[in-house]
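Enquirer: Listed here are the chains, written in short residue letters.
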Amino acid sequence: MEFLRPAGWEEALAAKAEHPDAVPLAGGTDIMVELNFGRRRPRTLLDLSAISELHAVERTPSAVRLGAAVPYTRIVEDLADVLPGLAMASRTVGSPQIRNRGSVGGNLGSASPAGDAHPALLAAGATVEAESVRGTRHIPVEEFYTGVKRNALAEDELIRAVRVRPAAGPQQFSKVGTRNAMTIAVCAFALALHPGSRTVRSGIGSAAPTPVRAPEAEEFLGRVLDEGGYWESGEPVPPLVAEEFASLCAAACDPIDDVRGSAAYRRHAVRVMAQRTWEWAWAGYRPGAARNDDEGGAACV
Amino acid sequence: MQTQPTRTRPESTPADGQHAGGVGESAARPDGTLKVTGEFAYASDLWHEDMLWAVTLRSPHAHARILAVDVGEALAHPGVQCVLTHDDLPSRTTVYGLEVADTPALAGDRVRYHGEPVALVAADHPETARSAAAKIRVEYEQLPVVHDESTALATDAPLLHPDRTDGHAAHVPHPNVVHRQPVVRGDAAAAAARADVVVTGEYEVGMQDQAFLGPESGLAVPAEDGGVELYVATQWLHADRRQIAPVLGLPEEKVRMVLSGVGGAFGGREDLSMQIHACLLALHTGRPVKMVYNREESFLGHVHRHPAVLHYEHGATADGRLTHLKCRIVLDGGAYTSSSPAVVGNAASLAAGPYEVENVDIEALALFTNNPPCGAMRGFGAVQACFAYEAQMDRLAAELGMDPVELRQRNALRQGGTMPTGQVVDSPAPVAELLGRVRERPLPPERRWDTGAGGAELRELPGGVGNTTHGEDVVRGVGYAVGIKNVGFSEGFDDYSTARVRLELVGGEPVATVHTAAAEVGQGGVTVQGQIARTELGVERVVLQPADTTVGSAGSTSASRQTYVTGGAVRNACTQVREHLLDAARRRYAATEPVWASAALQLHGGKVTTTEGRPLVGIAQLLAELHDEHPEFTVESEWRHRPTQPFDPATGQGFGHVQYSFAAHRAVVEVDTRLGLVKVVELACAQDVGKAVNPQAVLGQIHGGSTQGLGLALMEEILVGPEGTVRNPSFTDYLIPTVLDTPPMPVDVLELADDHAPYGLRGVGEAPTLSSTPAVLAAVRQATGRALRRTPLRPEHLLEV
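Protein chains in written order, with our numbering: chain P, 1 to 301; chain G, 1001 to 1801.
Quick caveat, the hints were computed from the structure, so don't treat them as lab data. Where hints are given, some of them may not hold.
[To be verified] Sample of chain P residues with no beta-carbon within 12 Å of chain G, all distances over it, derived:
#1 Glu10
#2 Glu18
#3 Glu58
#4 Asp116
#5 Leu240
#6 Asp258
#7 Gly261
#8 Ala263
#9 Ala283
[As the list claims (entries may be wrong)] Label-pair ranges, simulated between beta-carbon atoms:
#10 P/Gln97 <-> G/Pro1126: 21 to 29 Å
#11 P/Ala264 <-> G/Trp1047: 48 to 56 Å
#12 P/Arg43 <-> G/His1125: 43 to 51 Å
[Stated by the list, open to error] Where chain G lies over chain P, by a calculated footprint (3+ residues, C-beta under 8 Å):
#13 34 to 47
#14 87 to 93
#15 173 to 183
#16 209 to 217
Using N, Cα and C, we set each Cβ at its ideal position, and we do this for glycine too.
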């Protein structure tokens, strides 16, 4: 096994171009397990841990640019004000040791449907910054997941950062596991209200071959809020709306039966989480409190 | 978390002049600091100059014929030193087993379970060995899989062991039944007619794993005399040696064993794993050979707790007296015998629980199947029965409109009561009191998660930081359970331990050296042995020699027996050393100092004293004065508990168990009834320990056992597919409780002496594992109103999905 440890980003891109089959390694929380169990024997490992810019967080009023290797612990501790949904998701990742090493970039690279960050990234409308010696692509996160553990990266590309708009409205994340900590998601759900664009976005984890949004549910809820003047009034929304939203979220799932749970349970749990997270999010909504009026989700990056 | 027990007696403190750290005190573990600082050397840390690393090739199929094995390519792999298959076994004996030698050291023409060892590879590096093992070509022809009672007992069922000649073969109803034990007393059919209410139920217990953290590991070193030294993490060195030597073709004395650091056992190290394999490779290559399983291999490489299907029928009169019990317990033993017969004996003899039932018709049996082999795990047959009879008690109480604790108390076993086996319980059996103690405890406050103003502390809620509820649909439930476990080896087994104790002067100080072969598996046996020597010999310094086979057998570190039996052996040897010392002293001093001849003497606080406490001479001075004649005082002797009897094969009658141990739990749970998630809010336990030799270690056992039972209630299960393959051999998908799943566990420790046992003690390790599971299930049933006949629970079981 060849082990490459570039000192800088340009060197890493060159190495990836030269060794397209090289497997990038950051925190190692997925790769090392696969190596230890002999499930994977890549010919080349590309260790990115020496590249300091991958650990950088840049905060501007319009975006948080999260270096690909920023560990979950930092997101929980430093970014809960601007990325509350992602911070809630990060808090459910593995153990403290895993959260100290694992990163959103790694979650995206592995592209497991059970990755905890994905629903929150989908709901927030994140963009993946993919780079190669050929240049940079900004990939909306919903276009990033292409199949079970497959993503939209070209073979010479690496994930440099993830861009997420600071939350302008309430965000929630909810995850069912079969114990109360250190558990891989049976399924997960994330919700973000975007008052600036008067939209709602969702993200569903572990209930389809890839992380998915529930577009019909988002559209339904957005329309209700818009037409009912709820964005302006902040008034309670009729419970039937929550139920319909939850049903549409459940309908967006395409789950399987496996050792962690049945397909029927996953669909049911997504429905319950959608309803509850919506109720919590709306309870936390304050008209006119949006901190970022031109906030508009992924389209504006 | 509450850590201080409520105790029926005050914890003893060192009396005047008594050295600290004796019996009854929470003496510190000698290995404690090393373990918590990560410096303790476990078996996986073993290292030897020039050693090879070895791996095992295992069957991917649960049942197949082996048509051919081609090791050529593996042997040619650079760095490989040796590849062995069944054909390379050196002795006519090629099988081993705890009770019945039926397990091939390496599979011959047939594999019977997923993960059965087929070949071994030793190489310079573990990765090399693993790569080479992948190059071994095994040609399998898959066979039909026996995976449950109906496929095992079909008239045309494939026979797992068609030529079996073991002692149970003659009396089993089908060759795929390992062992069957009825227990019949009174007339259950006639009594059923007198019952005002009858409840019947079928219950199911999933396959739990011991989930010890230190994987199977050891190091075999070839010796100049043609023998081998094996450093290994195990539970019983001498039983290992008895099974290893014949397969190596060596006399037992040429297999010398030393215990290495054991990272937990819980029964999972009673059967052999890598022992024979490492020795074979070491003898073949002439080099030290190390083996360490990875986690996945560990799940395939040791036995599990028997899954069980239990049919129960209880009857009672309107005033809540049990009329009868009929039950049938079917345990899945998997592919080989392991300890299934003894598990069957326990399940049958303890099937009625800690209750007096005059009329019983009990049958327990274990099946041979192509599922993973099952054997010893903490609770050993009593866990499965307890899950069923405690569910039955709650249902009976509901039918009768009685309080479930009161119903249990009304039928509770007491000292002098009779077990279904006819055995009269001749030591305290405070079943009703234990239940009363957990019930009287104040309930934990409601809505502990409520932080006010609509806020919620997620870690106090079902789902935890997964943020699945802020209190919506959360319902509380409370459940009770009590259990009975035997202590020590039963059914006429010659259950003994050996201790060698030496008292001598070292650097002017009296030092006791204790040597036993008892396996320290984390339970604290090393602490207890030191405490006993301090108390019996009145010295402060005790040296514990490493456990090995240069001293006689200590028996197994299992069945809650080591403090009882090896503790008894150490006390017995100490007593003899003390008498030798005092005899020598009397011979020397009695002529000149009459008190030496007349008074009863003891060793206390470093001195010889009269029993009234009058000091005569320091032990150090005495040893110095006797040194020329007696440079040291040494005794090695065996000690055994009073004998037990086998159960009658037809009626199950007999004095089968030497001691019983009892624990009761009250579980308080909160359930998210829409998501099916459970948070155990509190798990209170009351247990009679006879005498808490080390109160802190007792608490550790009760907390650990309760938590392992909670795991069986809510998450721990090995999932086996219909083809007999293990689907979740990892800690990613075999879940054990984390600290956030583990509730406060207040403990009441009773100390009601068993006069037959050393210091009156009662084995403590297993009883808390039994009642914890049914108490949690009972609480969830109360919260949800669901029947819940199976453990572990999954969220799906609590919902209509």
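Enquirer: Would you mind marking each hint as holding or not holding in the structure?
Expert: Right, here's what the structure says about each hint:
At roughly 33 Å, the least C-beta separation between P/Glu10 and chain G is larger than 12 Å, which holds for a residue marked as non-interface. With a minimum CB-CB distance of about 26 Å to chain G, P/Glu18 clears the 12 Å threshold, and the non-interface call stands. Listed as outside the interface, P/Glu58 is consistent with that label: its C-beta sits roughly 28 Å from the nearest C-beta of chain G, beyond the 12 Å cut-off. The beta carbon of P/Asp116 sits about 10 Å from the closest Cβ of chain G, which is not more than 12 Å, so the claim that it is off the interface is violated.
Against chain G, the non-interface label of P/Leu240 holds: every CB pair exceeds 12 Å, the least being about 17 Å. With a least beta-carbon separation of about 9 Å from chain G, P/Asp258 fails to lie farther than 12 Å from that chain, contradicting its non-interface assignment. For P/Gly261, the shortest C-beta to C-beta distance to chain G comes to about 7 Å, within the 12 Å cut-off, and the non-interface label is violated. Separation of P/Ala263 from chain G is inadequate, the least Cβ-Cβ distance of about 9 Å not exceeding the 12 Å criterion.
P/Ala283, annotated as away from the interface, has a beta carbon of chain G within 12 Å; the closest lies near 7 Å. Between P/Gln97 and G/Pro1126 the Cβ separation comes to about 24 Å, which falls inside the hinted range of 21 to 29 Å. For P/Ala264 and G/Trp1047, the Cβ-Cβ distance of about 51 Å falls inside the hinted range of 48 to 56 Å, so the restraint holds. The beta-carbon spacing between P/Arg43 and G/His1125, approximately 19 Å, falls outside the hinted interval of 43 to 51 Å.
Check result for the stretch 34 to 47 of chain P against chain G: holds, 3 residues qualifying (beta carbon to beta carbon below 8 Å, three or more required). Look at the stretch 87 to 93 of chain P against chain G: 3 of its residues bring a Cβ nearer than 8 Å to a Cβ of that chain, three or more, so the hint holds. Look at the stretch 173 to 183 of chain P against chain G: 11 of its residues bring a Cβ nearer than 8 Å to a Cβ of that chain, three or more, so the hint holds. Requiring three or more residues with a Cβ within less than 8 Å of a Cβ of chain G, the coverage given for the stretch 209 to 217 of chain P is violated, as only 0 such residues are present.
In the structure shown, a violation is registered for the earlier hints numbered 4, 6, 7, 8, 9, 12 and 16, in ascending order.
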